[in-house]
Every structure is written in C-alpha cells, then in structure tokens.
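Novice: Could you put together the complete structure from these sequences and hints?
Same order as they appear, the protein sequences are chains R and H.
Using the UniProt record's numbering, the first residue of the first sequence is number 1, and each one after it goes up by one.
Using the UniProt record's numbering, the first residue of the second sequence is number 1, and each one after it goes up by one.
Keep in mind the hints are simulated off the structure, nothing from the lab.
Please note that a few of the clues may not be correct.
Identical copies go unnamed one by one, so any copy, or any two together, can satisfy a pair.
In silico SDA-like cross-links for lysine to any residue, where the CA-CA straight-line distance does not exceed 20 Å [to be verified]: (1) 387 to 334; (2) 322 to 335; (3) 214 to 284; (4) 322 to 262; (5) 298 to 309.
Every value quoted in this text rests on a predicted model; they were computed, and no experiment measured them.
Number of protein chains: 2
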Amino acid sequence: MDPSIVREIHQIVPENRVFLDLQERYSYSYDASFGEYLPDIVIQPQSALEISKLVKLANQHRIPVYPRGSATSLSGGSLPVHGGMVLDMSQLKQKCIIDRENLLAIVSPGVTTAEIHRKAEEAGLFYPPDPSSSHISTIGGNLLENSSGPKGLKYGTTKEYVIGLEVVTPTGEIVRTGGKTVKNVTGYDLTRLIVGSEGTLAIVTEAILRLIPKPPARKTMYATFAEFVTSGVAITNILSQGILPAAMEMLDQQCIRAVENFKPIGLPTDAEAMVIIEVDGHPLAVDEEIERCAQVCKEAGATSVHIARDEQERDKIWQARKNVSPALAQVGPTKISEDATVPRNQIPAMMNRLREIREKYQLNLFVFGHAGDGNLHPTIITDKQNKEEMKRVEDAVSEIFEAAISLGGTLSGEHGIGIMKSPYMEMELGEEGLRLMKLIKDAWDPNHILNPGKIFPQPGQTKVVLTDE
Amino acid sequence: MDPSIVREIHQIVPENRVFLDLQERYSYSYDASFGEYLPDIVIQPQSALEISKLVKLANQHRIPVYPRGSATSLSGGSLPVHGGMVLDMSQLKQKCIIDRENLLAIVSPGVTTAEIHRKAEEAGLFYPPDPSSSHISTIGGNLLENSSGPKGLKYGTTKEYVIGLEVVTPTGEIVRTGGKTVKNVTGYDLTRLIVGSEGTLAIVTEAILRLIPKPPARKTMYATFAEFVTSGVAITNILSQGILPAAMEMLDQQCIRAVENFKPIGLPTDAEAMVIIEVDGHPLAVDEEIERCAQVCKEAGATSVHIARDEQERDKIWQARKNVSPALAQVGPTKISEDATVPRNQIPAMMNRLREIREKYQLNLFVFGHAGDGNLHPTIITDKQNKEEMKRVEDAVSEIFEAAISLGGTLSGEHGIGIMKSPYMEMELGEEGLRLMKLIKDAWDPNHILNPGKIFPQPGQTKVVLTDE
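Specialist: If you want it as structure tokens, here you go:
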C-alpha cells in the first residue's frame, strides 16, 4: 500500500491498531468458506467516526473496504477478494445494553450473539435468532448476512428482530435508520434493506434489537424414521394441529451415521431420518404439546420416539445435532456448506434430488438442517488438493442450486450469496430483479468501495468455480 | 386527457373498465384522509400485464400513476395529487389461495384483508396483521402502507408476514421478489423495501403471505385506571412476568367519555385510562396468564378489572374499542387521525405532551391506540370549514410530530407519511437518511411516474398545511 495513504490512515487510527505485516494480514485472508485473499492493510476501528473517515479516504483513493466480524461466513462474506482495506469490527464491542422496559437491546457490532443471548436471559428476556456459530460470530456479521439458525419457523429470521441501525454508508456518512419502536413506517425501510446486504450497502456501527419475554418452559424430543418421506408427513401433521415448535431439526442417514461414528449415543444407523423437535412457552402448554408431537410422530410411522425428561436429556439430544459439524470435519479436509432452501412441502423432493446428485457425482454429501422452515444444509466433504474431485464438486454444487430454484426455493436461506453463488443470481431473480438490486448498489456506492466482488456476478460468470486454474 | 393517449389506453384495457366522466372520476378523488384531488382518468386493470403496459405508456407520456385499493388511507396514500391516472386495484382479486402444507397465502392485491383472515381460519391458520379497516381495505393497500393493527407487539407488523411479491416496477417491468420460503437471503430484500413504500416504488400484483397455526384459545380483559401513569406501570409489569399479550389497547379519558356518550356500556367516565388486554395460545396457558394480567393490574392500582367469561363478553369489551371511531365521528365533521409512535416507556410522557397540546390549542383531541407497541392514535375532531380552528389544528399537529420525534419515536407507526407528514421527514431521518431513500426512488423511477407527491417533501415545505388559501 502506498506509504502516503498509510500516513493518512495513521492520522485517523493510531499505529497500534493498523497492521501491514504479511503475517498479520494473512490472519485476515480467510473465513469459514473456501478461498484465501490477502488484504493490503488491516485496521481495527473503535468508533463510527473513525470508520466514516476511513471510508471517505477509501473513496478518495478508490481502495476496496472489507468489514469483517469473526469471519465465520460460509459464503465468503468478509473475504477481501480485491485486496484493499479490512476493517476488523470485532474490536468495536463497547455497548451491550438491555432496555427491559422497551424490550430492546442496543449493541455494538463486535459483540457476539451469544453475549446478547446471555445478557437478555439475565433480564428475563429472549433474543431468538441463533446461528450455530453464535458463540463466536459477531452480531454485526449476523445482521449483515441475516443468518438466523433453527428458530425461523416460530420466531422469524434475524431481520424480524432488527428495528434500528447506526451505519456508515459507502460514501462515509454516519446515518441512523429505524429507531426504538416496533412500528415505524417513516419512509423506506432502510434497516431491512441493510440487514442481509452482506456488507455491500453499509457498515453497521450499532444496532437496536427487539427482544421478547423469555418463554418460561421448553420440552424437547426426537424421532427416527425408516423412510425419509414419513418424517415430512410427521412435520406437516404437527403444524396442522396448531402446534408451532420453536425448532424442528433434521439429520439424514449420512449424518446419523457420521454422528454415531464420531461419538456414539445409540441412534439407529439404519434410519433414513432423525427429527429433533423443541416446543417452548407456558409450562402447562409445552407438556401437553410435546406429548402430542410424539403421538403424531408415532402415528406417522416413527421407528423410535424419545422425549427428554429433563434438561440433561435435552442437552444430550441437542448434542447429536451439534456433533454434526465436528463429525463431518473428520470425514475430510475440505467442507463445502450450502444452504439451499425450499418450501417445506418440497423437502422430500429436494432430498431425492440430493440423493441423485450424491450418486451421480460419487461424493460425500450430507444433509441436515432446519426442517421447519425448509432451510437445508447440504454439505460436501472433499479435499481441495484433489483437482479431479473438485471438478465433480463444482458440478454437484451447481446442480444443488438448480434443484432448489426449480422446486420454488432459493439459493441461500441464511449463508448469503458471497462469492460462490453469484453466477446463479439471475436464474433466481431474473434480469430485471437483479437490475433493481444493482441500481441500489450503484446509487449508494458509486465508486464500488464497499465489499466489492460479492453478490453481483462478474460479466460472463455463469458457473461455480472452486479451482483456480 | 389527450384523446390520442385515451385511444392508446383503450388498446390495453377495454372501454368498460376505463372512466373519463367527471362523476366517475370524482368517486376516486378522495380517501379517508384530508383533501380532494381529481384524476384525469380511472382504469380498472385486471392483470399484471395490463398494468405493465399502462405504466410503460405513462412513462412515455409522463403521466402520474396512482394505484388505489379501497382508499381507506389516513395519510392520503392513494390521492391523485398531480392528477393523471388512477389504477383501481380493488378489481384485481382473483386469487386467494391457502397453502396449508407451507403455511402460506397467495393473494391478489384487491382481496380484502378480512377475506384472508376468514380463509386462513377455515384452514386452521392465522394471519395476525389486522388494521381496523381490514373488513374493507385491500391487502395491496395494507402491504404498501405496512398498516398492522393491534397485534404488533406479539406478532410483529405486516412486513413480517410478506415473504414474496409480484410487482410492476415504475418502468413497467413485471418482477418477482422473495418467494415461498421464510428464509431467503438471495440478494437485497426488495420485498421488505417495497412493503411500506406507499406505492412509490412498485405496484403489487400478487403477494405471498406467511401464516401461522391458529392459536387454539384466547382470553380478554379490561382494566380502568384513575391515573394514566399507573396504566403504564401495569403494562410494563405484565411484560416483565414473561407474558406476551396478543393485544394491549389503550383509551384515554376523552375516548372513554365519547364511547359512553355514544353507546353506554358502563365504563367509569372519571377514569384517566382504560386498557384492554388479550392473550392467546394454548387453553391452559391463557387461563393462567389472563388471571396473572388481572392481578398485575390490581397491584398497579386499577380501579376496576373485568375478565370476559365467554366470547360474548369478549365481543362486548372489544366493542368499546371499536366504538371509538364512530363515537368520535359524532363529535364533529372533520377527523385528523395521527399515529405518532414512541418507545413504550415514553407513552406516559407522550400523553402529557398531548394533554398540553390539547389545552394550548383548545381542540377536541382524543388519544387511543396500541399501548403494547407504543403506537398511539392522537385524533383531532374539527370542522374544515372553520379556518381559524384549522390553523390551530395545523399548529397542534406539528407539535404532535415534534413531540414524538423528541421522545425517540417516529412520525408514523402505520398510517404512512403520505402528503401531510413529508415536511417532517428530514427532522426524523436527517438529510443523509432522506437522501438515501431518494436515491432509491430516483434510480427505480427516473420519470417520477409512480405516486408522485408522496413521502418526499417538496422544496421549501417545512410545515403541515391543511388549508388551501
């Protein structure tokens, strides 16, 4: 980076929060997805004002700006694909205020989502979004990717809990959107436009989150099914009974086997599907509802049904779900995590398509996910050194995207588009839908400073490319 | 209107759905707000394709286009303030499909919200948003204004239930946004940008709504309070107990008296506040929760507490709330309905400000609203023929807006900005916030064809003007 620009940066942020050494920059070159890109400079800003000045400077010199939380993105959200400036937002974590009277949390972007959970619960309140990385991922990253976790069916997605923001715009202005009221129709909803924009429209410097009273009780069960399709019947029948579970998680046979292989807990490895169901709410209601969920599963043909008798048994059930990721990590060195999402009644059809893709390309393809909201996580375990296999992975991933869209679903339920799915944007959105998005980006970020290389396809890009020759 | 343009319109829509006569156009010159504006032509389109062609024609000849549902807007949302073309969307009501498996409704814009409620409930499902005009207002209008009604606290606003749209853009393209999945992060959230855009960014031609299982039981109560401030304490304490009521409605003393004057039901006219609370959910839970709500109200100092023993008694309680509007209509010929919204803990402070404004300007000012989400409806009853009084109304309305913003609230919780509140937009949003919105409008609607004269202030506009001398 040009030394005169570095000097200008040092006038905004002191040297001890500016990193130029290769080793330091290397630590910021990757995330939880695929690929490595070295930034030219890494800065740890500590205020909206510093960020505002840095972004103005970046506009002046046309330097790409990449905001980064804990870099747990599975789609390359924070990767500095065009080099430039990485803003390490994980240090901006001064504020985590719980406002009990207004059921709000006011938070800095670098606070972890788990910290918000903890503080809300101490006040008897509840922040429902819970991406599986919440113990490490920052709320800023969560919001910008709109990652939500298992409770989308009952509680909605992250977006439903963000009612106000302070942001730095692509031209370096500090702006507040929304506010402290759940209802607000003063002009366009910039809050919800920025949430989920993957850091291409603004950098979040503060967020106002809506909380709800903590449900006083919860009950958890799991059921296994010899055939995948009957698990889908059970899920539909539960919802038809007027029960809205807090979570309905699904593991396919490959996942059950991987989990049993990793840490055996006695799951039947001949089952095609396992479903974990959790209800929450009033203590009297959850006792009755979990019994009914179990009954519906039995009637649909579940081969086994277990209701957790206490919190310890509950933790054991959830451990099976949480063991999926470490279990898969043992299968091979490279993990490609997708999150194609389909309307709930298309889950069985999508599972059939995924099975065909697994067989056609002879890959280690595992499927788990949030059955309640149709958000599946097809995951391929491979080895990026194996060029021949990577070609098959590319083709398989393309077919997964095509299958989701053809079943009326979407490329991404919560991981974001990032760098891998952009070639498929037009297939889902149409030329005009994509153009409307681009018009917003171009109007707000005329110099394309903020997180460039994400979401929008490059000219001529039509297919997933994982290998770089 | 130029006869050659009329001929072009007749080639798109047959003559029996095109209206040019003064009497016919007059029927489309007003809504439930203030003011009358005559359109040049009224068209009843029956498909997205017809609308697409009309909007392209309008762009060619620079004719303003005003989409209009049932014209129940309280902010002038559908008023053809610059003349031009009114599109009567109330005839586009072919589709109202309930998809039980996916918990969705797929609806045409002209379907009334009450019709969606009815069809969803027949299928054991529930569409929570419920603006008080829902028996007559169309879902298209509801979405574009993001009007939500009493259930915002527990169930969120209308926006939270819209997951996909088909729209005609300001340049006449037909575009689909979102889809049939609750989770969707493929690009920017155009769905939520368009919902609440007051018809300035797109015309809705179809919507995909999220439904939830119908809560199997509900219980309702009301409490009256000698002092307003104690009603606020009761509301906060209920939420602190982990109870999330479906609705918490508030009437001030002026409203209680007007209602008792209109149709006496035995409310204490010396009470400063009445609060209606409804809980819904599992039958065992609601029985216990409503008892606890009553207990909390008593402990906070309620002068009377009544729990409805059956649905008939419930209807009687809600009748008091529903009688507010007809009761106020008897007070005077002109009604100015505002919906300034404040953080919940600022309701008592806002009530004090409203009392001061009532006394300062000597006006008939009534306050009722959704206490759970801070969405108040200060309503002034006046006579627009009385120019002197109207000047006082203008000043009072300005002070109401200023009070809401100074207490950390917003100009509008659900009625929209429309034509009256635009001068205050910059006060709430700041210059840059307003500019970001304008950039989107200008990029999508370069000829300013769609609903011009709304939301954005005219140059030099700095104050409410109700009189037109």
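Novice: Identify every previously stated hint that the structure contradicts and give their numbers, smallest first.
Specialist: Structure breaks no hint.
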